[in-house]
Amino acid sequence: MVCPTHVSRPATQGGRSCSRSMLMRSVPPLMVAGLLALLTAPLPVPAQTDIQVGANQPRSFIEPASGLRFVRVPAGSFTMGSTFAQTQPAADQQWFIDEAPPHRVTLSREFWLASTETTIAAFSRFVDETGYVTSAERSGQSLGVYAVSTDAQGVQSGQWAVGANLTWRSPGWTATDQHPVVHISWADAQAFVQWLRDKTGRPFRLPTEAEWEYAAGGSQHTRYSWGEQQPSSAREGNIADLSFSNAYPLWKYPVFKTVNDHYVHTAPVGSFVANDFGLFDMTGNVWEWCADRYAADTYVSGPELDPQGAATGSERVHRGGGFDWELPYLRVAKRRHGSEQQSAANIGFRVAL
41 MVCPTHVSRP ATQGGRSCSR SMLMRSVPPL MVAGLLALLT APLPVPAQTD
91 IQVGANQPRS FIEPASGLRF VRVPAGSFTM GSTFAQTQPA ADQQWFIDEA
141 PPHRVTLSRE FWLASTETTI AAFSRFVDET GYVTSAERSG QSLGVYAVST
191 DAQGVQSGQW AVGANLTWRS PGWTATDQHP VVHISWADAQ AFVQWLRDKT
241 GRPFRLPTEA EWEYAAGGSQ HTRYSWGEQQ PSSAREGNIA DLSFSNAYPL
291 WKYPVFKTVN DHYVHTAPVG SFVANDFGLF DMTGNVWEWC ADRYAADTYV
341 SGPELDPQGA ATGSERVHRG GGFDWELPYL RVAKRRHGSE QQSAANIGFR
391 VAL
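In this note's numbering, the protein residues as written are 41 to 393.
Because the hints were derived from the structure by calculation, they are not lab data.
Please read these numbers as outputs of a predicted model, since none were measured by experiment.
Yeah, the Cβ is synthetic: ideal placement off N, Cα and C, and Gly gets one too.
A hint or two may mislead.
[Stated by the list, open to error] Pairwise CB distance ranges, derived in the manner of DEER restraints:
id : residue 1 : residue 2 : range
1  : ARG209    : PRO104    : 40 to 46 Å
2  : THR170    : THR146    : 35 to 41 Å
3  : ALA204    : GLN234    : 24 to 30 Å
4  : GLY107    : PRO343    : 33 to 39 Å
5  : SER354    : GLN269    : 35 to 41 Å
[Claimed, not checked] DMTMM-like cross-link-like pairs, simulated, lysine to aspartate or glutamate; straight-line CA separation at most 25 Å:
id : residue 1 : residue 2
6  : LYS292    : ASP191
7  : LYS297    : ASP217
8  : LYS239    : GLU380
9  : LYS239    : ASP191
10 : LYS239    : ASP217
11 : LYS292    : GLU366
12 : LYS297    : GLU344
13 : LYS239    : GLU103
Kindly produce the complete structure, drawing on both the sequences and the hints.
Okay, structure coming up:
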């Protein structure tokens, strides 16, 4: 059994209350009716995931500049997105309509994906070499202070708030070099992959949203990275569970109390089971930035061959769920988005090639 991360709660003084809606923006009203119709439509029976594996290719390699291990993900096809029925139990239907319609997507080329989220150690190498200053460091604040408020009925509840001096160096709890780097914006992640490209001459990048979802679901494209069923033990992933609930008993949102993964906040990368592509923490631990611009109706009109996301838009996609998120937000099909400068205690990234 893995040992729990030492808990060091950030102080609430100076934090500005921030509801989950800051990170889960509403879909424009004009799109809602049409997308709801698509989302509630019956799901077409998917064909078995088509896997194409190149002969005599290595399964993984370690990139020496960053120290990250990359695994080969084969080309193939899968059903991207979901129906509303598949998102249940859902607290609010509006947060899921951008997953419609389920549609067949083909990735025509195999690619490499880091087996873990980018670690503090890897990000430190980048910063030590370049002197890079992150979005959170420049602004002096990030989302990740625990704040408790009282409503008109006298009921108390807690959630994350924006606070000062939260950065990848000081996330708000004790973390080692092997924890995922957090308080990272999309712009920060892009700067890291650009450094890796310049240093190696290889086209490292963030994964597309389609690549991410395909890789997370594994060869059978399951609901969660570990399979179809809800977690039944402490081995599946780092999610909002009993340990999180014990540390934050007034947490505003539901938690999954039937399991205890023994981590309140982030866990060292690779602490839980990998999927059958050899990828760790695709569900839980931290949300991961993707390359794509976000649009609520991407699946309605986007291409089905090697999709690259919306052509325009000011926000970027992140995927995967975090240590503080509950079902059904942990499904591999769940989409979230934020500005290119947004950072939070539960957002990191993973590198593709």
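For each hint, the structure was consulted:
no. : hint                        : verdict
1   : ARG209 x PRO104: 40 to 46 Å : violated, 24 Å
2   : THR170 x THR146: 35 to 41 Å : holds, 37 Å
3   : ALA204 x GLN234: 24 to 30 Å : holds, 28 Å
4   : GLY107 x PRO343: 33 to 39 Å : holds, 35 Å
5   : SER354 x GLN269: 35 to 41 Å : holds, 37 Å
6   : LYS292 x ASP191             : holds, 12 Å
7   : LYS297 x ASP217             : violated, 29 Å
8   : LYS239 x GLU380             : holds, 24 Å
9   : LYS239 x ASP191             : violated, 52 Å
10  : LYS239 x ASP217             : holds, 21 Å
11  : LYS292 x GLU366             : holds, 11 Å
12  : LYS297 x GLU344             : violated, 38 Å
13  : LYS239 x GLU103             : holds, 11 Å
Violated hints, in rising order: 1, 7, 9, 12; the structure is consistent with all others.
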